[in-house]
Amino acid sequence: MDMIKHLMETRRDSVIAFGIVIVGYVVMQALMATGNLSYTISGLMVPICAYIVMAVSLNLTVGILGELSLGHAGFMSVGAFTGIVVTTVLAGSVELPMLRLAIAMVAAALAAAVVGVIVGVPVLRLKGDYLAIVTLAFGEIIKNIVNVLYIGLDSRGLHFGLVTPRFTLEEGGKMIINGPIGVSGIDKISTFTAGFVLILITLFIILNLINSRQGRAIMAVRDNKIAADSIGISTTRYKLMAFVISAAFAGMAGTLYAMNYSTVTAAKFDFNLSILVLVFVVLGGLGNIWGSVIAAILLTALPELLRALNFNDYRMLVYAVLLIALMLFNNSNFKQRLLERRAMKQAEKEPKEVA
Amino acid sequence: MISNLIAGISLGSIYAIIALGYTMVYGIAKMLNFAHGDVIMVGGYMCFCATFYLGLPPLAGVLLAVVVCTLLGVTIERLAYKPLRSAPALAVLITAIGMSYFLQNAALLLWTANPKTFTSIVGYGSIQMGDVHITHVAMVTIAVCVVIMVALTLFTNKTKMGTAMRAVSEDKGAAQLMGISVNRTISLTFAIGSGLAAIAGVLLCSAYPMLVPTTGSMPGIKAFTAAVFGGIGSIPGAMLGGILLGVIEIFSKAYISQELSDAIVFAVLIIVLLVKPAGLLGKQVSEKV
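The listed protein sequences correspond, in order, to chains S and W. Going by this note's numbering, 229 is the number at position 229 of the first sequence; the sequence numbering is gapless. Throughout, this note's numbering is defined as the position within the second sequence, counted from one, plus 1000.
Excised from the complex, chain S in its bound form:
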């Protein structure tokens, strides 16, 4: 009952925002069905969904919990490769691709959550920039280990090898993860619809978490750890909780992302990817979940848009300049003055309305 009551309390603008997401999905789906989307744009749909989930989940760590994480791609990597192994194992037994993807995502979320606990327990003892650098280090370690991981499948089951494939596969066996070469011949079962459903689930859970007792506890830890401690909030527990949930969603995003390409290597989930997602979060606004969604869409589409505008050679350069300009504008006196002017205009209007 509590759950239902809580749902009723979900703010109205949140319902409207969910509506916009659904309308957006329907419009994109209709455009794709009628062939009105270019090949590049429709190829971007699933990655954009994965980036949205990544950005929203990272926002939980950076915006809501207030700890800078530079290794979010590591959890995505764990999820991606777990998802690949699970879907390959289930290829014979589960016919329905959507169901297989769903099971793979659950497994990926669990695996990423376990890694999240392993990483989170030591990391969350540190503070500020030191915490950031250790998440960076963990991200690199995960990339490095996956890069030398060999997993094969044959009738006897799964075989694991680190650095060298220390196993020989039977006749008809299949190498799933082949060290630095990565995975090839992936069954591309990710669809835009799957991505959309994942986004809805992510938004629903994370928004509800933020507006719940636990969410308020997490924000209390962010705002003042000592004050939160003194009123009996277990800071370690809530920090770890936010961190692990964030990791689990990154894992699911990883599965979604990986199952969209025929080949995936560990090097894809590197420091630059973590940074890319962090840029979405910061530009969307720290702690602003819908901002993350919008920033992820715009910033993924922007380089492609620049490509379409024949900026091909300069597109990443333009992207960089826009990024810097946006940050400068966001913190400039100019914006401050614009905001003040708007506030003044509103203040002028209000008395009239009352009268």
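Watch out, some of these pointers could steer you wrong.
[Stated by the list, open to error] Derived lysine-lysine pairs resembling BS3-like cross-links, with alpha carbons at most 30 Å apart:
#, chain 1, residue 1, chain 2, residue 2
1, W, K1030, S, K127
2, S, K127, W, K1082
3, W, K1283, W, K1030
4, W, K1172, S, K335
5, W, K1276, S, K225
6, W, K1082, S, K335
7, S, K127, W, K1276
[Unchecked claim] Okay, the calculated beta carbon distance ranges per label pair:
#, chain 1, residue 1, chain 2, residue 2, range
8, S, L162, W, M1001, 24 to 32 Å
9, W, L1090, S, L305, 22 to 30 Å
10, S, G232, W, L1090, 28 to 36 Å
11, W, L1090, S, Q214, 18 to 26 Å
12, S, G43, W, S1086, 40 to 48 Å
Just so you know, the hints here were simulated from the structure itself, not pulled from any lab data. Think of the CB as a built atom: it goes at the ideal place given N, C-alpha and C, for glycine as much as any other residue.
Once you have looked at the hints, place chain W on chain S.
This is chain W only, laid out in the frame that chain S set:
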């Protein structure tokens, strides 16, 4: 064994020189300058262009690289970081990342993605002493690092500008009240850091002669790790951290696993930070309630 140790110290010296740039900027501006790694790359390309296209002697190439990078560092600070002096730390971080993208892509346009083969500025000779094998590059790198360490220590401890620098990193407000120009001091720090990055770039490319627009990023990340390892903000810490990191990297490559060396380096960093949360030589600041 000794050969590996020397190779490690040589690689570590490069990390140490880069880490100095990170740590000085952090100490004074409290920001992580992610574009620092790409300044190294620019330094490498500058030296390459000077010797390859213009046919200048190697030393002139190094000089050109240092001058260009120093100007570049100061310009970046003026244009991108100075307006954000009072902005939240994350905003500055993202701007620095944007700067890093900018430099990498500008280099991509100017010099294309094809790797350039850098000719070592001191040649490829080496000397043999019994079992020990030392390349000229390693000797020069270590020597340069020692000179830089001594010079920088003297500069920060003995000169007026060095004292100003330490004062600003201690307390900006108080330093300003004492008549120190905070902006000028920060510019100076960026200038020194970027000049050192240019030297590191030339040394790095002499040791590993492949030059691409992303050359600077991995050494940048590692040097940054080294700076944290030694205690970010501390100059001797950056030197110690850099050299230790280089030695650990070479040793784990030689004795444990070629492929897992990066993982081992980062694992050591994590363990050190868990035991000493402020790095090896960092100051432990207790929290005020």
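Against the structure, the hints:
| no. | hint | result |
| --- | --- | --- |
| 1 | W:K1030 - S:K127 | holds (15 Å) |
| 2 | S:K127 - W:K1082 | holds (26 Å) |
| 3 | W:K1283 - W:K1030 | holds (15 Å) |
| 4 | W:K1172 - S:K335 | holds (26 Å) |
| 5 | W:K1276 - S:K225 | holds (21 Å) |
| 6 | W:K1082 - S:K335 | holds (17 Å) |
| 7 | S:K127 - W:K1276 | holds (12 Å) |
| 8 | S:L162 - W:M1001: 24 to 32 Å | holds (26 Å) |
| 9 | W:L1090 - S:L305: 22 to 30 Å | holds (26 Å) |
| 10 | S:G232 - W:L1090: 28 to 36 Å | holds (30 Å) |
| 11 | W:L1090 - S:Q214: 18 to 26 Å | holds (24 Å) |
| 12 | S:G43 - W:S1086: 40 to 48 Å | holds (42 Å) |
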